[in-house]
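Residue numbers (the working numbering), protein chains in the order written: chain A, 1 to 244; chain B, 245 to 507.
In case anyone wonders, no lab produced these hints; they're calculated from the structure. Keep in mind it's a predicted model, so treat the numbers as computed, not measured. Positions of the beta carbon are idealized from the N, C-alpha and C atoms, including for glycine. Mixed in with the good hints, there may be bad ones.
When the alpha-carbon atoms are kept at most 30 Å apart in a straight line, the in silico DSS-like pairs for lysine-lysine are as follows [said to hold, decoys possible]: (1) Lys279/B x Lys421/B; (2) Lys421/B x Lys503/B; (3) Lys88/A x Lys374/B; (4) Lys101/A x Lys506/B; (5) Lys88/A x Lys421/B; (6) Lys179/A x Lys366/B; (7) Lys63/A x Lys49/A; (8) Lys179/A x Lys506/B.
A few chain B positions that, by computed beta-carbon distances, are all more than 10 Å from chain A [stated by the list, open to error]: (9) Glu412; (10) Leu461; (11) Lys495.
Computed from the model, here is a short list of chain A residues facing chain B with C-beta under 8 Å [unchecked claim]: (12) Leu14; (13) Val60; (14) Glu108; (15) Met190; (16) Asn192; (17) Asn194; (18) Gly203; (19) Ser206; (20) Val214; (21) Lys222.
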Amino acid sequence: MSQKHEKLIDKKGLRLDGRKFDELRQIKIEVGILSNADGSAYIEQGKNKILAAVYGPREVHPKHLSLPDRMLLKCRYHMAPFSVQERKSPAPSRREIELSKVIREAVEPAIFLEYYPRTALDVFVEVLQADGSTRCASIVAASLALADAGIPMRDLIVACSAGKAEDTIVMDLMDTEDKQGSADVPVALMPNMNAITLLQMDGILSLEEFEQAVNLALEGCKKIYAMQKEALRAKYVDAKEVEE
Amino acid sequence: MSSIVVKVKQKQIAQLIAKGKRLDGRGLKDYREIKIEQGIIERAEGSARVLLGATEVLAGIKIETGEPFPDTPNEGVLTVNAELLPLASPTFEPGPPDENSIELARVVDRGVRESKAIDTEKLCIEPGKKVFVVFIDVYVLNHDGNLVDASTLAAVAALLNTKMSNYEYEDGEVKIKSGYMPLPVKKHPVAVTFAKINDSLVVDPWLEEEQVMDARLTITFDDDGNICAIQKGGSGFFQPSQVLEAAQIAKDKADEIRKQLKW
């Protein structure tokens, strides 16, 4: 939000990477790529490269944290020191602690926690390279890792951001748009219940612009949802072929 | 252990809300009584105590000199910290800030920062070298729900109360002179928090309601009716229509509460 270095949108209405306002970046998703984890997923979205792994249900440590009526869900969002331009200290920053909390609260409504009382479920997200909207991409990967681990869920959780670049509301912010744009609205959705499980905003938006941004983010969610299901199917269809 | 009590309470609270009533007698869109007292800590450059019903928050402002961030060499620095003091609630424990106090600080920070409440360019002493650093420390003294709104209000009230010493800048040294000037405060962000209980929205949840709510939504508005920060919290969800409804309500509520700030 400092001085503008370059125009975020050119005369033709195209963004720095040539996208239209309602276009997602290239997304590549893989499911089940870590052999030790109970479930895992990898996502590339633009230059974002993010790994998510799920361990559990397993024993709770320390024991006194265990819940008598449901599973304890834990989440850690962490960025690699080399994931950003200036080296980031590997110690968890305040931002990472907040994001760990909001990502946990974004996936929690989808999970049938009450099926596994007195156990713990760990969700680990590692951002290997960051390129804007990492919390959304992290949620997309985390929910696939949960599904891959066979955790009973109401739906997949999908997330997408929208924001304001110059005077236009745009979908799926990249790093420069996040830093130089004037607002960022990440949204996570459980599509089959039309339920928003994560909503944040920073920047300045009028009520009308905010409504536009939420709708654009939800549109993006629906597109990514199809890719998520495709990625999940790809893993298990392939597995079947190998067995045969 | 407490989950049975919570379930019983939730039923009672939800039944009342369905009739448009609340346990403490308020309407669904009513705030508790707000009291603001400014300048109660003389050693601080600015301070304010906010009572929101029985929720009590003290915000103190300290100002020091420091280096600007490399990407904003002409701007002063804003830092927000929040402490959930163990004396404020049986559930708060001493120790380093947990995720709740970090979230609280970051939501207050987002409101103040994104609304550009402080004219940070006026806090520059020498570009790229020396600027003023404004520390907002939020001290929660009694927790009876809705800490975000009380803390944002306390932070802004404290900023409005802040006096900086006059100074002279010579050979890279800041010399304090006699007299004071006010901190350049341009905007007055106000946070409005909702709790979702059994698919209904209530404004300014108190502790009993927070214990049974499915989810929470904070929307912060600036003086011009623009949204400057949003945070959803809690393990439930909102329908898209509820979010837009909340934003409409919050806009009016923010204007109403802003009238209680004096500047």
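Hint-by-hint comparison with the structure:
1. A C-alpha spacing of about 34 Å is found between Lys279/B and Lys421/B, which places the hinted pair above 30 Å, so the restraint is violated.
2. At most 30 Å may separate the alpha-carbon atoms for a hinted pair to count; Lys421/B and Lys503/B exceed this at roughly 34 Å.
3. For the given pair, Lys88/A sits about 24 Å from Lys374/B by alpha-carbon distance, which is consistent with the 30 Å threshold.
4. At roughly 35 Å between alpha-carbon atoms, Lys101/A and Lys506/B are farther apart than 30 Å, so this suggested pair is violated.
5. For a cut-off of 30 Å, the pair hint linking Lys88/A to Lys421/B is broken: about 40 Å separates their Cα positions.
6. Our distance criterion of 30 Å between C-alpha atoms is met by Lys179/A and Lys366/B, whose separation comes to about 22 Å.
7. Taken as a hint, the Lys63/A and Lys49/A pair is broken in the structure, with Cα atoms around 34 Å apart against an allowance of 30 Å.
8. In summary, the hint linking Lys179/A to Lys506/B is not supported, as the alpha carbons are separated by about 33 Å, beyond the 30 Å threshold.
9. For Glu412/B, the shortest C-beta to C-beta distance to chain A comes to about 28 Å, beyond the 10 Å cut-off, and the non-interface label holds.
10. Here Leu461/B does not stay apart from chain A, with its beta-carbon only about 7 Å from theirs, under the 10 Å limit.
11. Listed as a non-interface residue, Lys495/B fails to keep its Cβ farther than 10 Å from every Cβ of chain A; the least gap is roughly 6 Å.
12. The restraint placing Leu14/A at the interface with chain B is violated, with a minimum CB-CB distance near 26 Å, outside the 8 Å limit.
13. A distance limit of 8 Å between C-beta atoms decides the matter here; for Val60/A the minimum to chain B is near 16 Å, and the interface restraint is violated.
14. Annotation: Glu108/A was flagged as interfacial toward chain B, and the flag holds, the nearest CB pair being 4 Å apart, inside 8 Å.
15. Taking 8 Å as the C-beta cut-off, the interface hint given for Met190/A holds, the closest approach to chain B being about 7 Å.
16. Residue-level restraint check for Asn192/A is violated (minimum Cβ-Cβ distance to chain B is 12 Å; threshold 8 Å).
17. Because the smallest distance between the Cβ of Asn194/A and any Cβ of chain B comes to about 6 Å, under 8 Å, the interface hint for this residue holds.
18. With its C-beta approaching chain B no nearer than about 6 Å, Gly203/A sits inside the 8 Å limit, and its interface hint holds.
19. Nearest Cβ of chain B to the Cβ of Ser206/A: about 5 Å, under the 8 Å cut. The hint holds.
20. Taken as an interface hint, Val214/A checks out: its beta carbon lies about 6 Å from the nearest beta carbon of chain B, inside 8 Å.
21. A least Cβ separation of about 12 Å between Lys222/A and chain B goes past the 8 Å threshold, and the interface hint is therefore violated.
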